[in-house]
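In order, the protein sequence lines correspond to chains Z and L.
Quick note on numbering: the UniProt record's numbering labels position 23 of the first sequence as 23, and the sequence is numbered without any gaps.
Quick note on numbering: the UniProt record's numbering labels position 52 of the second sequence as 52, and the sequence is numbered without any gaps.
Read the hints as simulated data drawn from the structure, not as lab findings.
Just to be clear, a hint being listed does not mean it is correct.
Distance windows between CB atoms, simulated [as the list claims (entries may be wrong)]: (1) Z:16 - L:157: 31 to 37 angstroms; (2) Z:90 - L:339: 50 to 56 angstroms; (3) L:271 - Z:214: 46 to 52 angstroms; (4) Z:209 - L:33: 47 to 53 angstroms; (5) Z:90 - L:15: 50 to 56 angstroms; (6) Z:32 - L:225: 26 to 32 angstroms; (7) Z:320 - L:264: 43 to 49 angstroms.
Computed from the model, here is a short list of chain Z residues facing chain L with C-beta under 8 angstroms [stated by the list, open to error]: (8) 110; (9) 113; (10) 214; (11) 219.
Don't be surprised by glycine CBs; every beta carbon is placed ideally from N, CA and C.
This is what each chain is made of:
Number of protein chains: 2
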Amino acid sequence: MDEKTTIYDIAKKLNITAATVSRALNDNPRISKKTRDLVKETAAKMNYKQNKLALALKRGKSYNVGVIVPHINRNFFSSVIRGVEEELYPQGYHVIISQTHEIESKEIETINTLLNAQVDGIIMSISKATIGVEHFSRVLKKNIPLVFFDRKKDIAGVSSVTVDDFKGSYLATKHLIEQGCKRICHFSGDQALDIYKNRFEGYKKALLDSNIEFNEEYVTEVMSDLEDGKKTIQKMMKLKNPPDALFSSSDFAALGAIQQLKADGIQIPEEFCVVGFSNEPFTKFMELSISSVDQSPKEMGRMAAKVFLEQVGDSQNVKIEKKVVLSPKLHIRKSSSRK
Amino acid sequence: MDEKTTIYDIAKKLNITAATVSRALNDNPRISKKTRDLVKETAAKMNYKQNKLALALKRGKSYNVGVIVPHINRNFFSSVIRGVEEELYPQGYHVIISQTHEIESKEIETINTLLNAQVDGIIMSISKATIGVEHFSRVLKKNIPLVFFDRKKDIAGVSSVTVDDFKGSYLATKHLIEQGCKRICHFSGDQALDIYKNRFEGYKKALLDSNIEFNEEYVTEVMSDLEDGKKTIQKMMKLKNPPDALFSSSDFAALGAIQQLKADGIQIPEEFCVVGFSNEPFTKFMELSISSVDQSPKEMGRMAAKVFLEQVGDSQNVKIEKKVVLSPKLHIRKSSSRK
Chain Z
1 MDEKTTIYDI AKKLNITAAT VSRALNDNPR ISKKTRDLVK ETAAKMNYKQ
51 NKLALALKRG KSYNVGVIVP HINRNFFSSV IRGVEEELYP QGYHVIISQT
101 HEIESKEIET INTLLNAQVD GIIMSISKAT IGVEHFSRVL KKNIPLVFFD
151 RKKDIAGVSS VTVDDFKGSY LATKHLIEQG CKRICHFSGD QALDIYKNRF
201 EGYKKALLDS NIEFNEEYVT EVMSDLEDGK KTIQKMMKLK NPPDALFSSS
251 DFAALGAIQQ LKADGIQIPE EFCVVGFSNE PFTKFMELSI SSVDQSPKEM
301 GRMAAKVFLE QVGDSQNVKI EKKVVLSPKL HIRKSSSRK
Chain L
1 MDEKTTIYDI AKKLNITAAT VSRALNDNPR ISKKTRDLVK ETAAKMNYKQ
51 NKLALALKRG KSYNVGVIVP HINRNFFSSV IRGVEEELYP QGYHVIISQT
101 HEIESKEIET INTLLNAQVD GIIMSISKAT IGVEHFSRVL KKNIPLVFFD
151 RKKDIAGVSS VTVDDFKGSY LATKHLIEQG CKRICHFSGD QALDIYKNRF
201 EGYKKALLDS NIEFNEEYVT EVMSDLEDGK KTIQKMMKLK NPPDALFSSS
251 DFAALGAIQQ LKADGIQIPE EFCVVGFSNE PFTKFMELSI SSVDQSPKEM
301 GRMAAKVFLE QVGDSQNVKI EKKVVLSPKL HIRKSSSRK
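Full structure from sequences and hints, please.
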């Protein structure tokens with residue numbers, strides 16, 4: 001049970017050959033699934049991995065990959081992480097997660113910690129507050145693959161996986177127009193981040209394409225929470241020409257707006273239509289289910305992991321920049337279905 | 001900006017004394033908050049932490065703490081993690097998160113990985129599938145504090161922070177009885193885990209105290225998801241004496257049951273009352289809001305971190321067993337309010 005466990009120990013324990021153990025651990029299809037599972041289980045119990053890791057460390061590989069997200073408690077981020085794990089676990093990697101809570105110094109510290117822990121790669125979505133890029137350069141200098149997903153900065157040598165936010169917003173806004181809405185307001189996010197800028201641009205383009213004049217008063221930057229959604233829609237409804245629809249770049253703010261509108265006696269979707277962004281599970285759970293743009297987070301995680309796998313192990317590949325853009329999907333639900 | 005950054009470099013950069021830098025980094029109240037923040041920000045940017053970590057590693061401390069949970073995407077677990085972070089960050093610790101997806105071999109691997117990464121402690125909630133305890137012994141042998149929260153095993157030398165599940169269930173069931181419900185069914189969980197066993201016991205005791213006969217047919221083990229909640233309540237409603245209330249040890253299964261009951265034309269709470277467990281945010285979001293038992297997850301995380309802090313650094317303390325039990329709180333909402 002100590003660090004000296006070898007495949008021979010496992011073979012002895014299970015009364016099979018070391019070659020079978022080795023093949024089973026490498027998922028060789030010539031070995032039955034039952035045996036493969038048994039060998040893996042036994043290896044884990046005998047702490048075989050630890051041994052392999054010690055060996056790997058000597059070779060400069062830890063088989064650990066760090067994933068950094070602003071918050072783990074958003075469905076979008078936890079689903080991306082799930083995708084990363086699904087892709088990396090079968091390759092023998094372990095995934096270590098950290099959250100920054102949108103604080104730049106925390107992001108910098110996390111990267112330092114992961115570099116010290118000798119991770120083989122970092123897959124991350126940057127914090128809203130991040131301005132500096134030195135901490136990213138530090139990763140690249142160590143020849144460790146860095147992959148951004150969703151929220152990114154354009155840095156030479158850094159690959160990214162994003163969703164086409166412009167298209168998602170365009171689809172959502174176009175849909176609201178098709179429902180007969182004419183005064184569509186928009187809850188935007190920090191314009192320093194591409195994702196929110198692109199969502200804003202997609203919204204504007206859809207208005208333009210339908211000959212609806214863009215009205216600055218209808219756009220406000222909100223925090224991604226219920227309270228700010230409530231407050232912001234209240235202000236909007238006090239305008240001379242109050243809006244008749246909302247496209248929110250946050251599902252949480254959209255839900256806050258809906259709660260406020262309903263409290264004020266406004267019928268949804270008859271008098272007012274709402275579409276959110278991210279397809280958080282609660283949007284589907286609600287009795288008045290909320291239309292939302294899905295960003296395929298699991299697929300995004302899998303793609304980010306694949307990009308990492310392409311780069312790791314092949315030092316020639318580390319600096320190859322790959323930009324993957326996924327296509328979003330609009331889920332139309334009760335909050336915007338006038339039929 | 002490399003690994004040789006010292007407090008003198010930070011002092012030079014900010015044109016203050018090294019003593020001030022040291023005091024600021026140690027949160028000495030004699031230094032103004034503004035200066036402390038500036039010094040910390042600068043230290044992080046100059047990668048001072050990395051240096052401190054290298055030093056710490058030599059002394060056998062990494063200032064990393066591993067948190068292991070079954071799933072990061074449950075509000076209960078992400079809130080506990082938040083509590084752990086809030087308590088540990090000010091002490092200079094970094095929190096590394098891993099999820100097991102309820103798979104024992106994954107839990108074992110994670111512990112091996114964290115031990116290799118030389119974490120200073122492990123705070124965790126065990127997976128449903130975990131039977132063996134060797135991996136926990138390995139942690140103890142290395143004199144690394146191990147703290148269980150919520151889901152635990154009774155192991156000598158391991159502290160734990162839990163909520164009084166028995167009491168939570170008792171309160172929930174008693175409340176249903178007070179609403180006039182007489183045939184209360186229970187969605188339970190894996191009885192090998194204390195938390196689910198205690199919830200079941202609390203339910204039974206409340207029935208007993210109200211002279212309501214316990215009916216085995218009214219108890220089923222469910223998965224914590226919508227689908228299983230739907231299926232299970234469908235079966236229950238086909239009994240000769242169908243139940244008139246549900247106390248579910250899972251909010252997700254409770255929501256599934258509500259959706260199914262409503263689809264079948266049953267009025268909630270008039271004809272059927274429902275109480276869940278965990279106080280997931282969606283229980284409050286719903287128009288038909290769901291009553292639920294709150295487990296004070298943030299407080300649980302803070303307590304677990306405090307227990308860790310008491311044990312770390314004082315080798316005399318590592319083996320002191322501390323059992324903290326928090327009190328649950330029942331939130332009564334529409335799904336069980338007949339008034």
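Right, here's what the structure says about each hint:
{"no.": "1", "hint": "Z:16 - L:157: 31 to 37 angstroms", "verdict": "holds (36 angstroms)"}
{"no.": "2", "hint": "Z:90 - L:339: 50 to 56 angstroms", "verdict": "holds (54 angstroms)"}
{"no.": "3", "hint": "L:271 - Z:214: 46 to 52 angstroms", "verdict": "holds (51 angstroms)"}
{"no.": "4", "hint": "Z:209 - L:33: 47 to 53 angstroms", "verdict": "holds (51 angstroms)"}
{"no.": "5", "hint": "Z:90 - L:15: 50 to 56 angstroms", "verdict": "holds (53 angstroms)"}
{"no.": "6", "hint": "Z:32 - L:225: 26 to 32 angstroms", "verdict": "holds (31 angstroms)"}
{"no.": "7", "hint": "Z:320 - L:264: 43 to 49 angstroms", "verdict": "violated (56 angstroms)"}
{"no.": "8", "hint": "110", "verdict": "holds (7 angstroms)"}
{"no.": "9", "hint": "113", "verdict": "holds (5 angstroms)"}
{"no.": "10", "hint": "214", "verdict": "violated (32 angstroms)"}
{"no.": "11", "hint": "219", "verdict": "violated (26 angstroms)"}
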